[in-house]
Every structure is written in structure tokens, then in C-alpha cells.
Amino acid sequence: MGTLNELLDSKHWTVENLKLFLEHDSSSINEIDATGFAPLHRLLKIHTDKCTPDIIKLLIQYGADVNLKEEAGGSPLIIALGQCVDKAIIKTLLDAGIDHKECGQTVLCVALYYGNSTDTFWMLVNHGFPLKGCFLHPTILHCALESKHGTVDEG
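Following full-length UniProt numbering, the numbering of the sequence shown begins with 1 at its first residue and continues without gaps.
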């Protein structure tokens, strides 16, 4: 039958066969494969065209860990922000119990850097992520200025 990641990589997977797969065997729901991704990471990073809040909820329902980091260290939330996915997907991840300590203070910087909407930014702030800089930027303003929309003038 293969793993869940193999199903997601097939060209013609549907929500229906995803449900059937999970009902039959959800043991690979948090398995990190040779590419460094678990199914939730893969969906958010590679298959963004098929990624919906309902599919994210389905994976979570079957045990997907919303705090599991992929091989390079990114959590599902960081990956989602890096892909600028729909804010409904971000909300779904937040509602599933994102561990603020696991994501760290870089969440807002990532949201700004990749040009996520102001609605998404304020949703993260209202969810409790601190208005602080990150290891690369002393303040959140520096993060904003060095985003894809501009650079910080050192002068």
C-alpha cells in the first residue's frame, strides 16, 4: 500500500482516497521520509495547490503532529507562512495547538519576510506570538524592513 507521503506524491490523489488510506492505516502520519518531510510538511510545502483547511483538519484528526519539525527544523506553521498559504490554513494550525515555544519568536519575522497578509500577521499576534525580533533582527520593524518588500538601510 505504501506510505502516506507516497500517496500524496501520486498525481491523482483525492480527498476520498486520502480518507480511505487514513481509515485503513494512519501509522505513517508523522513519518519523516528520505526527503525530510512528514505528510503535513509535504502538503504545506509541495502540494499547496491541494492544501485546504479541511485536508489539514483530516490529517490532524488522524494524529498529524502540528509541532513536528521537518528535517531542516521547520514546523508546519513556519512552512505554511513561508509558502504564504491561505490564512484559514494558518488558523487551522493555530487552533490545533501550536506550541509557541517550539515555533519561537521567528514566527512573526517569517510571516513578514514572506509577505503574508496583515490579517495573518495580526492573527498571529492575537494568538500570542510576541512582537519581538528574531535571531537575525533586533526588532520586528527590522524584520518588516528586510522582508521581500524592502531592505534595511544600515546607514
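By construction, these hints were calculated from the structure, which means they are not laboratory data.
Possibly wrong hints are sitting among the right ones.
[As the list claims (entries may be wrong)] The calculated DSSO-like cross-link candidates involving lysine-lysine, where the alpha carbons are at most 30 angstroms apart (straight line), are: (1) 19 / 45; (2) 57 / 19; (3) 132 / 11; (4) 69 / 45.
[Said to hold, decoys possible] The following label-pair restraints were derived from C-beta to C-beta distances: (5) 119 / 52: 29 to 37 angstroms; (6) 19 / 99: 25 to 33 angstroms; (7) 11 / 138: 12 to 20 angstroms; (8) 146 / 11: 36 to 44 angstroms; (9) 52 / 135: 31 to 39 angstroms; (10) 6 / 115: 17 to 25 angstroms; (11) 127 / 83: 12 to 20 angstroms; (12) 136 / 24: 43 to 51 angstroms; (13) 27 / 99: 17 to 25 angstroms.
These numbers were taken from a predicted model, which means no experiment stands behind them.
No residue lacks a Cβ here, since even glycine has one placed at the ideal position from N, Cα and C.
Tested hints:
1. Proposed proximity of residue 19 and residue 45 is supported: the alpha carbons are some 20 angstroms apart, at most 30 angstroms.
2. Note on residue 57 and residue 19: the hinted pairing holds, with a Cα-Cα distance of about 11 angstroms set against a maximum of 30 angstroms.
3. Simply put, residue 132 and residue 11 have alpha-carbon atoms about 41 angstroms apart, too far for the 30 angstroms limit, and the pair is violated.
4. Note on residue 69 and residue 45: the hinted pairing holds, with a Cα-Cα distance of about 13 angstroms set against a maximum of 30 angstroms.
5. At about 18 angstroms, the CB distance of residue 119 to residue 52 disagrees with the hint of 29 to 37 angstroms.
6. A beta carbon spacing of about 27 angstroms between residue 19 and residue 99 agrees with the range 25 to 33 angstroms that was offered as a hint.
7. Remark: the range hint 12 to 20 angstroms for residue 11 to residue 138 is contradicted by a beta-carbon distance near 46 angstroms.
8. In this structure the hint that residue 146 and residue 11 lie 36 to 44 angstroms apart at CB holds, the actual value being about 38 angstroms.
9. In this structure the supplied range 31 to 39 angstroms holds for residue 52 paired with residue 135, their Cβ-Cβ distance being about 33 angstroms.
10. Restraint check, residue 6 to residue 115: a C-beta distance of roughly 32 angstroms breaks the suggested window 17 to 25 angstroms.
11. Our hint of 12 to 20 angstroms for residue 127 and residue 83 holds, since their Cβ atoms are close to 19 angstroms apart.
12. Between residue 136 and residue 24 the CB atoms are about 44 angstroms apart, so this pair conforms to the stated range of 43 to 51 angstroms.
13. Take residue 27 and residue 99: their Cβ atoms lie about 23 angstroms apart, and the range 17 to 25 angstroms holds.
Checked against the numbered hints above, the structure violates hints 3, 5, 7 and 10; every other hint is satisfied.
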